[in-house]
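Asks: Just need the whole structure built from these sequences, with the hints factored in.
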Amino acid sequence: MSRQPRAFRLDDPNVASGSVVVTDEPFDAIEAADAIVVPMAEKRRAPWLGVLISALSGLLVLGLGLAVEKLIVDLYAVAPWLGWVALALTALAVLAFLALIGREVRGIWREQAIERLRAAAVDALAVKDHKGAKAIVSELLNLYGSRASAVPGSARLMNAMEEIIDADDRLAMAERELLAPLDAQAKRAIAGAAKQVSLVTAVSPRAIVDVAFVIFAAVRLLRTLARIYGGRPGFFGFLRLAKAAFNHLAVTGGMAVGDSVLQQVLGLGLAARISAKLGEGVLNGLMTARFGLAALSVCRPLPFIKEEAPKIGDVAGELVSRTEAAAS
Numbered sequence: 001m002s003r004q005p006r007a008f009r010l011d012d013p014n015v016a017s018g019s020v021v022v023t024d025e026p027f028d029a030i031e032a033a034d035a036i037v038v039p040m041a042e043k044r045r046a047p048w049l050g051v052l053i054s055a056l057s058g059l060l061v062l063g064l065g066l067a068v069e070k071l072i073v074d075l076y077a078v079a080p081w082l083g084w085v086a087l088a089l090t091a092l093a094v095l096a097f098l099a100l101i102g103r104e105v106r107g108i109w110r111e112q113a114i115e116r117l118r119a120a121a122v123d124a125l126a127v128k129d130h131k132g133a134k135a136i137v138s139e140l141l142n143l144y145g146s147r148a149s150a151v152p153g154s155a156r157l158m159n160a161m162e163e164i165i166d167a168d169d170r171l172a173m174a175e176r177e178l179l180a181p182l183d184a185q186a187k188r189a190i191a192g193a194a195k196q197v198s199l200v201t202a203v204s205p206r207a208i209v210d211v212a213f214v215i216f217a218a219v220r221l222l223r224t225l226a227r228i229y230g231g232r233p234g235f236f237g238f239l240r241l242a243k244a245a246f247n248h249l250a251v252t253g254g255m256a257v258g259d260s261v262l263q264q265v266l267g268l269g270l271a272a273r274i275s276a277k278l279g280e281g282v283l284n285g286l287m288t289a290r291f292g293l294a295a296l297s298v299c300r301p302l303p304f305i306k307e308e309a310p311k312i313g314d315v316a317g318e319l320v321s322r323t324e325a326a327a328s
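Counting from 1, one number per residue, gives the positions in the sequence shown under full-length UniProt numbering.
Rather than coming from a laboratory, the hints here were simulated on the basis of the structure.
One or more of the hints may lead you astray.
Once the Cα atoms are required to be at most 30 Å apart in a straight line, the calculated BS3-like pairs of lysine-lysine come out as [to be verified]: (1) Lys128 to Lys311; (2) Lys70 to Lys187; (3) Lys306 to Lys131; (4) Lys306 to Lys128; (5) Lys311 to Lys243; (6) Lys187 to Lys306; (7) Lys195 to Lys131; (8) Lys243 to Lys195; (9) Lys311 to Lys195; (10) Lys187 to Lys134; (11) Lys134 to Lys306; (12) Lys195 to Lys70; (13) Lys195 to Lys134.
Replies: Laid out in structure tokens, this is it:
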């Protein structure tokens with residue numbers, strides 16, 4: 001059972017005699033923060049499955065290489081210039097393939113760097129690590145160094161680097177100067193996606209159109225949020241981010257039925273007082289907004305420290321207000 005806080009005067013005889021012992025309690029408030037950091041789930045893939053996929057991929061590459069080599073030889077036998085054209089096209093295809101591989105590797109590396117920053121910030125806040133906080137701010141400045149125009153607070157943060165000592169204040173200033181403008185962009189992107197999903201679902205004639213557009217909007221929203229916060233995911237990097245976003249969504253309570261906006265929609269029965277199609281559109285828009293908030297949490301390089309984590313009402317409150325107006 002936790003003890004209530006108490007105050008002591010320096011001239012108190014109990015303090016002077018040493019009968020009062022002051023102990024530091026662990027800093028665990030960050031663990032209960034709304035924007036909880038959800039680590040990537042470890043891969044639990046059977047080793048033989050990896051061996052099978054690697055072997056089949058190797059055979060496929062060998063077969064493709066032999067087929068291309070035979071094609072080049074046959075074309076060269078027909079006309080030498082055709083063989084040279086085929087060889088040039090093959091070299092161009094190999095170059096494009098290597099460029100795609102490089103982009104995937106860079107995207108995954110950048111995502112991992114953002115995840116490491118977020119985890120390091122949680123650790124630095126927990127133990128009041130001043131040096132660690134300073135290193136995190138330096139990495140953030142490097143991450144957004146090429147986006148000085150989009151993040152105008154970089155100069156102010158660099159000037160105040162040596163003046164701030166406390167780890168919490170240092171990271172809070174980095175959050176305010178670097179991430180607050182990006183948070184505003186992210187919330188606008190989530191609100192726009194939620195409105196589009198709500199509108200398309202309300203007017204689409206078939207359910208398959210609803211499902212297809214919801215998936216398309218979620219994919220586009222996740223890519224947009226990743227780019228806003230400095231990530232550049234390729235195909236596999238995007239799959240990795242999507243998995244992390246769904247993990248975060250599951251950990252933080254799925255649709256967050258305790259949120260006041262969803263209580264307003266489901267509890268007051270607004271969907272029952274208007275057309276079923278419009279109510280379905282509003283609910284799909286809220287679900288898209290909820291996914292967007294989960295994606296924001298996994299794309300953001302810092303946990304929410306002093307800034308308040310956005311909620312459903314911040315990005316999709318307009319949907320409910322319009323629904324209430326239509327119902328009344």
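Asks: In ascending order, which of the hints set out earlier in this document are inconsistent with the structure?
Replies: 2, 7, 12 and 13
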